[in-house]
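Novice: In case you want the letters, here they are:
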Amino acid sequence: MSDTVQLPRWIDVGALPLLNLLLALIVSGLVVLAIGESPTQVVEILLYGAFGYEEAWGYTLYYTTNFIFTGLAFAVAFHCGLFNIGAEGQAYVGGLGVVLAALYLDFLPFPIMLIVAILAAAVFGAAWAYIPAYLQARRGSHVVITTIMFNFIASSLMVYLLVNVLRPQGSMTPESEQIAEHLRLPFIHDIAAGLGLEMASSPLNLSFVYALVCSVLVWLFIWHTRWGYAIRTVGANAVAATYAGIEPGRYIIMAMMISGALSAFMALNEVMGVQHRLLIDFTAGYGFVGIAVALMGRNHPFGIFLAALLFGMLYQGGAELSFEIPTISNDMVVVIQGLVILFTGAMEHMFRPRVTRIYTAWHLRRRAQEAA
Amino acid sequence: MDNFELVILLLDATLRTSTPLILAALAGMFSERSGTINLALEGMMLGGAFSAAAVAYYVGNPWIGLLAAIGTTICLSLLHGFACITHKGNQVVSGMAINILMSGLTALVGIALFAQGGKTPSLDHGSRFQPITLPGADAVADVPVLGSIYSELLSGHNILVYVAFLAVPAAWWVMYRTRFGLRLRAVGENPGAVDTAGIGVVAMRYRAVMCSGVLVGMSGAYLSTAQGASFLQDMTAGKGYIALAAMVFGKWRPFPALFACLLFGFLDAAATRMQGVILPGIGEVPVQLVQALPYVLTVVLLAGFIGRATPPKSLGRPYVKER
Amino acid sequence: MSDTMHQMHGAGETGAVQPAIELRGIDKRFGAVHANKSIDLKVEKGTIHGIVGENGAGKSTLMSILYGFYQADAGTIHVDGRLCDIKGSEDAIAVGIGMVHQHFMLVEPFTVLENVILGVEGGAILREGVDKAREELRRLEREYSLDVNPDAIVGDLSVGLQQRIEILKALYRGAEILILDEPTGVLTPQEADHLFRILETLKQQGKTVVLITHKLREIMAATDNVSVMRQGEMVAHRKTAETSPEELSELMVGRKVLLRLEKGEAAPAATVLEVDNLCVETSQGVRKVKNASFSVRAGEIVGIAGVSGNGQSELLEALGGIRAVTEGQVLLNGLDVTPGRGVDAAELRKRGVAHVPEDRHRMAMVTSFSAKEAAILGYEDDATYQKGIFLNWHAISDATEHMMSEFDVRPNDPDLKAANFSGGNQQKLVLAREIMRDPELLLVGQPTRGVDIGAIEFIHKRIVAMRDAGKAVLLVSVELDEIMSLADRILVMCDGSIIGEVSAAEANERVLGLMMAGVDPHEAKAAEGSA
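Top to bottom, those sequences are chains A, B and C. If you read the first sequence in this note's numbering, its first letter stands for residue 1, the second for the next number, and so on. If you read the second sequence in this note's numbering, its first letter stands for residue 1001, the second for the next number, and so on. If you read the third sequence in this note's numbering, its first letter stands for residue 2001, the second for the next number, and so on.
Keep in mind that a hint or two might mislead.
Unchecked claim - For lysine-lysine, the following BS3-like pairs were computed, each having C-alpha atoms within a straight-line distance of at most 30 Å:
(1) K2417/C to K2037/C
(2) K2087/C to K1313/B
(3) K1321/B to K2417/C
(4) K2350/C to K2387/C
(5) K1321/B to K1251/B
(6) K2045/C to K2203/C
(7) K2045/C to K2087/C
(8) K2087/C to K1321/B
(9) K1321/B to K2037/C
(10) K1088/B to K2087/C
(11) K2087/C to K2203/C
(12) K2037/C to K2215/C
(13) K1088/B to K2417/C
(14) K2263/C to K2461/C
(15) K1321/B to K2215/C
(16) K2239/C to K2215/C
(17) K1088/B to K1321/B
(18) K2037/C to K2290/C
(19) K2215/C to K2525/C
(20) K2239/C to K2045/C
(21) K2350/C to K2203/C
Just so you know, the hints here were simulated from the structure itself, not pulled from any lab data.
This is chain A alone, in the form it adopts within the complex:
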């Protein structure tokens, strides 16, 4: 019983999100105007900061890496009908896994360490997501609230561990010891140099490649395996899932654990790739950016890649911005992020009915003309 014509894919996944994004950017421009700066200048600096020079690219993609992981994390849970607001906490605890592996198993050669670190991140992140997932699946506790609570609990836990356990003796700063040099993820510019290519140095490292691999894996998992099918069924209609013999609780837990693991992979980039130690609050809100990225990317890995790139650009360009225009800090990027979530997430229905109506009218007229 359809009222309307199905929208073609290019409108559904292309034009509509772009329209919402555009609105978010226009409002951001108004904010810039309101504080007395020129939006065009801001855009110029943002673009220059993000792509204008060789290093900038590397920084942009380094941020992009984090956002791909957290965006994928949100998306996988979302396909199961869950809002995982807990990427921050899961990534934080995942960082603990990575740093423990790197500090206590430092005798391992790098290739094995790489696998161990990936597993450690996955296990720690997934474990942290497991409790809210279990409570949602078996006791009906709302995962939104529990994951928010778990972010704070993770934060307290990690401060405790960093101050009391991981901090090297004699150090005053609450951070872990450095990871041994041979266990760090190689920077892309170093890899390039090894191949005889010259690249400007930047924090971009091997984890970017892994993020791309994860994107493909998530795509295959969600749309091309029966488990992904089951997860989507649970997310779209849990009653139908039960009817089909797909036990919702089981897949809620599965989706959340995968989500937690993906969030935790962010720690590979930050801890193993860039900081080389565990810092307080190293997640820096990247987990929340994942929500914006996933919503904008319509929970599809390719869309998530594009959205992550956009946010990578904003983060890198934003740093340049605060440097160039003192009245505008990189909080501008946080504002844009909030507006993007608002317009592409919360108000996604604002244009859809109108666009659908216009398209339906156009479609019916065209069909009538063809028939005539």
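Got chain A sorted already, so can you dock chains B and C onto it with the hints?
Specialist: Same frame as chain A, now just chains B and C:
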């Protein structure tokens, strides 16, 4: 007597720390009992705190600051309502969006206006809410026990503390004894019943989120113009979420929520005093454990291990007329 | 529209009694669906007026327009001869219209009193109005013998009592005209009888009642006049005394209904399903199925009749593996497959149990999925759909196309979203998915609910074909006609128990109706014999 003094001081601090939680938890309750999830308490609180501090600084009057805070949070509530009620957007997403937006916007505007790294200038004496000495507090101060309870614990808080505590019975009365409250609770349980009774569901929900805005605005103003003397970047530091937790912990009811706020406020007040304290038989309690306790307790409650928290039936569901 | 319109003249003429309601040219579209096509209707004051039509004929839409729930695209509403502009429920209430919705509009955690006064509290502070309301309620209860405890929590009350509160709500608001939308769907026969007695009292007090239903028995028993709707059109008005169920059913469907499907004798073979002393409870511990025992043999269709809500749904869901069984045993070809004890829906499917559930949208499909995704629901683990660890979308697409052509699902496009198919085509796709797996046992609930007439015949034929292919079929339906035309044996459920069995040959509406009301089968048959 030393221990008694300590207890009085701790309870005194508890009243101060729980005040913003009480106001925000009641704010959350008004919104959620009408069916709209309000994760945006954190961001609204920030917005309120910033507006109050900035305006109080310019005008030199905390009351105008308070009005500005309430104005800001009402606008944010309307934005939340516009996304969730009018456009039937996802309420969780809208709440997160407002939180992130306000975290950025308060800092951005703060830097643009005051160039102090996101902080607003310190407020002088007259631009802040000052402690009020209750009648006769000085006179009875020397009476043992009851005298110091009255003069040190109950007296000497600023007006917003008293407002917060009075807001609880007031909210209860509105919720359970007035037409507005009856309709508000009904719209959160079964909007269809309200619609067929000839009451506008949308208008009702908007009114509820606006009540939410008024209360959370006061909570924000308290942080920057009563408890503190300026706005600091991200100064709410999760208080909005704790208030939300307290509301859930209080099962969406005013008095249990008050109890939860006092408990969480007490834990907060205790945490800062527990640093390095060695408890007999237990040893040193990590301050982080105390800080995490409100969240842990809320999770335990949500898991159904201490009673069942049943949210309003239509919470989170936009109202769509059935075909 | 060749039927003679029963025109009632007099409106506008001096001295004549104005009709309580007059609708002129009401027209309503939902997107492409034309729900009401220029409807005219007159309801005389102080009568019970029935509106009949099949599901989807537009009855509920029309009444929702009258009650201000929707706005008509065209047409006018006149109440007591005055033109009324009804923009919302509050306008309808103001002109004295009250409505009892199919799904009750009650706030369950509230008391009866709170529910009744919602919207007419009589002052900003509740206390002022409450005492007055209590008094008024007592008066209404006396006058119409609608006894309920005003301080009871609504959620704790039975469905029948909840419906009484809905009527009280309308009367409390001063309703002169009461609309009831499918009021008996959820009632036991006793409760339904009580309801009709209440309606009669209302009529005697001068109220006007509009009764919407698709059950002809109720129309014949309770109404003075009847209007018939078909596919969004008002096709006829009759005086109830001057019409017959046969005429009305013909008007409803637009042609002579085939009450008996052409089918041969059943040839039952070995027992496939054996249900022994089965009990099912809801998560709240309410016992919905009480000690049910029966069997279904290969090559026969066993029908389960009953008023909706008497445990059939739970029984079907339990046999499909969706609900755990509290007590008893289920044997499939002699093997224990009791759901809940290590056996779930997936396991049952693997053992050859196909299940077409009662509620298509809620359970049988995910409407946001494409047709090919919908076509593997429940069978996504099947080896033919796999390629290594991945799903083989080519194979799935081919299989879906095959299903669609075999079951005449239109349009034959495996990539189209399930939501974009009509109800009948969705149902055919679900049937195809379940039947084409060649199951041992087919469980099927309300197979033709919300399905267009053309598809009904097709679906019935496929179910009979399953039987003729030597499969066991268990059919649950609240449509007696459907049960009687399809089933070879009929079990009747009442209040969770199977109270008796009737063979297809000795079944008729009266016997089944009595049994559905809880009358012992022997007495029911005896009563029938003496009648």
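Novice: Hint by hint, note whether the structure agrees.
Specialist: Here is what the structure says about each hint:
Restraint check for K2417/C and K2037/C: the C-alpha separation of about 28 Å stays at or below 30 Å, so the hint holds. Distance check on the hinted pair: K2087/C and K1313/B sit about 27 Å apart at the alpha-carbon level, within 30 Å; holds. Between K1321/B and K2417/C the CA atoms are separated by roughly 23 Å; this keeps the pair inside 30 Å, and the hint holds. Straight-line distance between C-alpha atoms of K2350/C and K2387/C comes to about 19 Å, which keeps the hinted pair within the 30 Å bound.
Taking the CA atoms of K1321/B and K1251/B, the gap is near 28 Å; set against the 30 Å cutoff, the hint holds. A distance of roughly 9 Å separates the Cα atoms of K2045/C and K2203/C; the hinted pair therefore holds under the 30 Å criterion. For a cut-off of 30 Å, the pair hint linking K2045/C to K2087/C stands: about 23 Å separates their Cα positions. For the hint linking K2087/C to K1321/B, the alpha-carbon distance of about 14 Å falls within 30 Å, and the restraint holds.
A C-alpha spacing of about 21 Å is found between K1321/B and K2037/C, which places the hinted pair at or below 30 Å, so the restraint holds. Between K1088/B and K2087/C the CA atoms are separated by roughly 22 Å; this keeps the pair inside 30 Å, and the hint holds. With a C-alpha separation of about 27 Å, the suggested pairing of K2087/C with K2203/C holds against the 30 Å cut-off. The hinted pair formed by K2037/C and K2215/C meets the criterion: a straight-line CA distance of about 23 Å does not exceed 30 Å.
Among the hinted pairs, K1088/B with K2417/C is consistent with the structure: their alpha-carbon atoms are about 23 Å apart, no more than 30 Å. Straight-line distance between C-alpha atoms of K2263/C and K2461/C comes to about 9 Å, which keeps the hinted pair within the 30 Å bound. Our distance criterion of 30 Å between C-alpha atoms is met by K1321/B and K2215/C, whose separation comes to about 26 Å. The hinted pair formed by K2239/C and K2215/C meets the criterion: a straight-line CA distance of about 17 Å does not exceed 30 Å.
For a cut-off of 30 Å, the pair hint linking K1088/B to K1321/B stands: about 12 Å separates their Cα positions. Annotation: proposed proximity of K2037/C to K2290/C is violated, straight-line Cα distance about 46 Å (limit 30 Å). Among the hinted pairs, K2215/C with K2525/C is consistent with the structure: their alpha-carbon atoms are about 23 Å apart, no more than 30 Å. A threshold of 30 Å between alpha carbons decides the hint, and for K2239/C with K2045/C the separation of about 14 Å falls inside it, so the pair holds.
For the suggested pair K2350/C and K2203/C, the alpha carbons sit about 57 Å apart, so the restraint of at most 30 Å is broken.
Violated hints, listed in ascending order, are 18, 21; each of the other numbered hints is respected by the structure.
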